[in-house]
Amino acid sequence: MAGVGSACLFAGLLTALYAAAASLYGARSGRREVVVSGRRAIYCLAGLMVGATAVLQSAFLRSDFSYALVAEGSSTDTPTFYKATAMWATQDGSLLLWALLLSVFSSTVLFLTRRSLREIAPYATAVLAVVAGFFLLLMVGWENPFGTLASPPAEGSGLNPLLRHPAMMIHPPMLYTGYVGFAIPFAFAVGALITRNTGADWIRATRKFALVAWTFLGTGIMLGALWSYTELGWGGYWAWDPVENASLMPWLFGTAFLHSIMVQEKRGMLKVWNVFLIIGTFVLALLGTFLVRSGILDSIHAFGASTIGVQFLVFIALVIVGSTALVISRLPHLRSEARLDSLLSREAFFLLNNLVLVGLCLVIFWGTFFPLISEAITGTEASVGPPWFNRLTTPLALVLALLMGIGPVVAWRRITPAGLRRALMWPVLATALVLVALLALTSSAERPLAQLMFCLVAFVLAVVVQEFWRGAAARRTISGDPWPRALSRLVARNRRRYGGYLAHAGLVVLFLGVAGSSAFLDQRDVRISPGERFTSGGYSITYLRPTATLGADRAGTGAPITLGAVLRARDKNGKTFLLRPSRNFYPTQDGSKGAIGRFFEGEATSEVDVRWGLRRDVWTAVRPDISALDGPIREANAKFGDASGDVQAVVIAAIVERYRRHAPPATFRAIVSPLVSWIWIGAGIVVLGALIAAWPSPEARLRRARSLYAARLGRDLRAEAS
Amino acid sequence: MEYAAALIVLLCLVAFVVVWPLLRGEGSPAPDEGAREELEAAKEAKYREIRDAELDLQMGKLSSTDHRAIDRELRGEAIEILQRLDELERVTPGR
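Sequences listed follow chains A and B, in order.
Residues 0 to 721 in numbering that gives the first Met the number 0 are what the first sequence spells out, letter by letter.
Residues 0 to 94 in numbering that gives the first Met the number 0 are what the second sequence spells out, letter by letter.
No wet-lab data here; the hints were simulated from the structure.
You may find that some hints are simply not true.
As the list claims (entries may be wrong) - Not close to chain B: a few residues of chain A, all C-beta gaps over 10 angstroms, as computed: (1) 14; (2) 36; (3) 317; (4) 376; (5) 409; (6) 415; (7) 438; (8) 487; (9) 518.
Unchecked claim - Here are the simulated distance ranges between beta carbons: (10) A:83 to B:10: 27 to 33 angstroms; (11) B:7 to A:653: 58 to 64 angstroms; (12) B:90 to A:107: 30 to 36 angstroms; (13) B:67 to A:316: 48 to 54 angstroms; (14) A:483 to B:10: 48 to 54 angstroms; (15) B:83 to A:107: 53 to 59 angstroms; (16) B:7 to A:387: 29 to 35 angstroms; (17) B:71 to A:613: 33 to 39 angstroms; (18) B:79 to A:440: 56 to 62 angstroms; (19) A:374 to B:10: 45 to 51 angstroms; (20) B:12 to A:169: 28 to 34 angstroms.
All C-beta atoms in this analysis are idealised placements derived from N, C-alpha and C, irrespective of residue type, glycine included.
Bound conformation, chain B alone (with noise of 0.2 angstroms):
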């Protein structure tokens, strides 16, 4: 009997919290907003790479040589990233 009356109590409120988004619709905002979190978070990373490469070459880890070719690359990257947040602004301003 207990067990009965806690499992019905349990899967009504179970059921109200997973129901709601259906019955609201939520969840369904722009599709571009997880875009951008990710976009964002690949820009972070590849900021930190340019750093690193900037610690290593003033640690003597790298040449100057093999520096300038890494940070060329990177900042390549960098601006496809940021070229490609550009876009989403343009399509979403704003935001």
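So here's chain A without its partners, still in its complex pose (with noise of 0.2 angstroms):
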């Protein structure tokens, strides 16, 4: 079947050329039935794009090793869970993931369009069969997935330890489909540029697409933040990591594009400021993609080096020059159709917020690419760490939570300073009571910026229950529904405005989790034997034994050995929970290590514990020292190294069973993190907000209020128009 997975690879390399070319011919001869079959190309790229996936998932299911991406990135032991996920773990088959959700997204996208945007959405198909066209290029050319192995050995080498965990098997394709779905909106604003249409057409068609991309691509990045707090075993959730910094880089551009697209929908204003934008964060997806596998920067999260880097640094060149070229010849037909009224006015708020995220985007894009400038500079690699990010990020995230907090209350195109006193008034009044009951009550006065967006967090909260609740009464007043009614009705006919004051409301609660945790954490390194104890963040913990299991592993990754501790936690009250942090040992192929050495000389993971909690969390991680072990494996080497498989198990067995009745002193990590779980909870209620914002079709009665509402002031606006 590999041979049929190629074929889809390279009849969809030609089927998304052929898309290109009708589609720029169809627009130019004005041909129809051409663009027509463009789109349907389009259509059929999805298509092929399937049967490849489908093709090669059958051969991970099936463990089938003569592919050479099966027998390096899966084993006959691998859960089947990890096996439907192993494709993404490698770079083949991320290409064809991206591949694929490209295809899929332009293919309903050109549905959607098929009667509208008729001058623009041929010139955007052509953009993404282009884009299309140059991962199948890659794949057909130099990274093909479905590449095959003259001698399939018996046994995989199995999927890379780290990734076996639920959220990083979730979180490249929340990631990719981020990636991907700005692609759309970038597609269309270059269809929008060529063909001089650059009102909000365009806009009004992929916004949703946009939307959708930030929501997935901000899931991805959560999702990733979860892995690394509870799989990578230092303990935090973000560490300015370059992949890290790669994909929020893309999202917040996307942030600043959402806002900014509005002013120009309302008041045909930012036309430049928004190609400029989308652009950026389509080459910043790019260079996403390329960061994760290219080697070129050091991470924890890059699992190999790329043999494409140069095809993709080409590849986005093009992009940059071709898009900066077609704006730069399009500067006349993108002036703004209004001028700002006021300073005190949303599309001014909008402004400013856009300069802080892309000010944000900029910092940590110099932070991330700094060993390369400074190797190119000095030629010697020098690397800002998370101090220095954290220098820089946090006042301009103090800022960018006040423009969340101030943009709400203020109308369009003016409002009086008064009016704004007026809105700010009960915010601000609940800010100080915080601010009181945090000084009265808390000891964050000895970190005055964690307390100042502490406050800034209220405040914002404050704006938000604020709007909520005078939205609620403004429609008790029309409708005489009850609060519950009248609040529902308000979200319903206004999903977009509320819905983007409830991501507000998360991401503030996601600062006050990264507030609370950075600034209060609490973190001890120990290495101590059974019976005795340390202290972390007030929580006295013991030692009380250490375990070893085989084949048991709580996680259900298909660790063979499992070896960790059973800790018990005492808080100031007297109240006690146990703890039983591990570490998973994965056997090596590698012969040199012996027969019964190569489970215990693997890849080994931490499977940490968490206590979670909404003040705080109480993470652990131990690091138990086999070194005690050494003597024992040698000697099993020796004797049963040319054993049968089931004598090797009763050897390890006895191995394993030996560390646990006498074990070493083992090295414990402990970090008290107050507030953390409030990122996660935040990140939900983004994501709550951007679904409620994105929701697709008003449920029937209000589509028929919406069309009761609209014939009424359409025969107000015909009257007044006769």
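Grab the two chains, each in its own frame, and use the hints to assemble them into the complex.
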């Protein structure tokens, strides 16, 4: 079947080229049937990519090691869930996932716009086809996921143990959906520029794709953070790692874009800025895809060096140069249709928020690429660490939070200073109360920046509550509905606005978690024996006993050996609970380690144990010292190297039991991290807000209500016109 | 062999799908069809803006003077869209 998969790719490449050529010719010649043919080619491309993916997935699920990719990234003992998701743990598989998602997204948007945007859509089709063609060319020319081995091994290497985590398996498709989703507004922006249709039509047609992309990208970033927190064993969720930064940058640009397009829709302003933002977002998405596997920057998330770095960089350069030239050539058509009426207007605050978001992105870009820049200039690679990022991004995050609070209360076009004072009175009062409570009840004054962030969080939440309250009150005045009904109708009729406010609330809740956990974190690293104890963040933690199991790791990753510890934590009030951190050991295929030794000297991963809590998390990891087992392992290698598998299993069990009975001191890391759970809760609220804002069709009754409103308004307007 | 056979079959299938509209001359509906959809979308967006401004007035974000000015402007823009739709309706009635 590998031949069928390869044929799907090559046919896909030819189909993408045809789609691009037919769409361009159709648009230039005005022959609609050729444009339709080009659009249909994109549908075919989606079918071909689904076929190719099905072939590869089938090979993974069957553990068909004649496929080089399956032999490299899976094994018979890899759990089925991880076999099904191992495709995107490899570079070739990731490229196929990109092409699959892009073709499906492209087909969807082209189907939805088949009767509208008649001038723009063909050019957008061509752009999407070229992007898809690039990824297909990479696979056909350099990284074919359907490459086969002349002599397949009996067993595969297995999926990288670090990737055997549910969040990590969902994380790449989420990120890629985000990256790919931004290709849609990018393509339509290019189409709008080419055809000089620079109004808001292309934005209206693709806004929801941008929102969906933004949501998926954000969710992917958070899943990556969760994976880092629970799998990597260092205890943090964000390390300002190049790959993490590479996913954050397009999200920041995308956030700016989602706000800025509202200004163009409402006022016909910021047209150049909007095309700049979407081009930037798409370029950063390509850069993010490239960085994960390029190996050009050291990263804990980079799993293998790329052989397609040059091709990627050439493509990114072409996108930048081509798009910039197009924007410059169309500048006369991108003039604003209106002027900023007042600095106290929502559009002015959107512009400020955009500048802060882009500023954040520039800081992160500089810090991420500093090693390359310094090497190019000085010949020595130097890098900036998390303190540098924290020092520069914290003030910008504070300003962003402030703008998130003020923006929603300001009306479009203008608000009077008196109106602004009125609108902010209650939120400011609520913030003052929170500040007093913080000073009286907590030690937050020791960390002024964190305290400032807590106050801003309170301010934004107060603004959001006030907006919901005032909106529902206004509806009640009109309809006389009870509060819950008025609130639900308010949100249903203004999904975009109130979904956005909820996303703001979620984001500041996330900021609350970040500020609390980074400013008040308490970390201890100790090496202790069973029976000994240490303290961390007000908890007394005792190492009760070691644990050692075979084939029974709690996370179900398929690890044959798990060594760990049982800890008892006691808080200041005497309340106790148990923690069971462990470390999984995966066998290596390296024969030099010996038949028994290879089970202990392969990859090992931390399985941390976290006591989750709304006030604080107690996070623990253990690193068992297995050097004491070197002697018995050497002896077992010599005596049982040629023994049957059953005998070797018994020997391994005996060595593991020996560790349990005579455990040497183990190294522990314990972190007591306040408020960290609010990061995940905040992210959930953001997703909820985005879902409300993007929800496709209103309920039938609402549609009827809107139609009635539209009919009434239409009658009024026609009467006014006549 | 498997590769060549699969490629031929797949390309034939794709060719059938993409050539069909060329043979049938599909995709040549009246040029106003797309314009109508775009105008309808623009009309909906403008109505939404008028409703937003009303909500802002009710919530006290806009003074009644500011709201009157904004509403007048938005209604003027909406009338322009309606007139273009009427024009389209006159050219191709009954669609």
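Hints and how they fare:
{"no.": "1", "hint": "14", "verdict": "5 angstroms, violated"}
{"no.": "2", "hint": "36", "verdict": "5 angstroms, violated"}
{"no.": "3", "hint": "317", "verdict": "26 angstroms, holds"}
{"no.": "4", "hint": "376", "verdict": "49 angstroms, holds"}
{"no.": "5", "hint": "409", "verdict": "7 angstroms, violated"}
{"no.": "6", "hint": "415", "verdict": "7 angstroms, violated"}
{"no.": "7", "hint": "438", "verdict": "32 angstroms, holds"}
{"no.": "8", "hint": "487", "verdict": "15 angstroms, holds"}
{"no.": "9", "hint": "518", "verdict": "35 angstroms, holds"}
{"no.": "10", "hint": "A:83 to B:10: 27 to 33 angstroms", "verdict": "30 angstroms, holds"}
{"no.": "11", "hint": "B:7 to A:653: 58 to 64 angstroms", "verdict": "60 angstroms, holds"}
{"no.": "12", "hint": "B:90 to A:107: 30 to 36 angstroms", "verdict": "32 angstroms, holds"}
{"no.": "13", "hint": "B:67 to A:316: 48 to 54 angstroms", "verdict": "52 angstroms, holds"}
{"no.": "14", "hint": "A:483 to B:10: 48 to 54 angstroms", "verdict": "59 angstroms, violated"}
{"no.": "15", "hint": "B:83 to A:107: 53 to 59 angstroms", "verdict": "29 angstroms, violated"}
{"no.": "16", "hint": "B:7 to A:387: 29 to 35 angstroms", "verdict": "58 angstroms, violated"}
{"no.": "17", "hint": "B:71 to A:613: 33 to 39 angstroms", "verdict": "51 angstroms, violated"}
{"no.": "18", "hint": "B:79 to A:440: 56 to 62 angstroms", "verdict": "58 angstroms, holds"}
{"no.": "19", "hint": "A:374 to B:10: 45 to 51 angstroms", "verdict": "47 angstroms, holds"}
{"no.": "20", "hint": "B:12 to A:169: 28 to 34 angstroms", "verdict": "33 angstroms, holds"}
In summary, the numbered hints that this structure violates are 1, 2, 5, 6, 14, 15, 16, 17.
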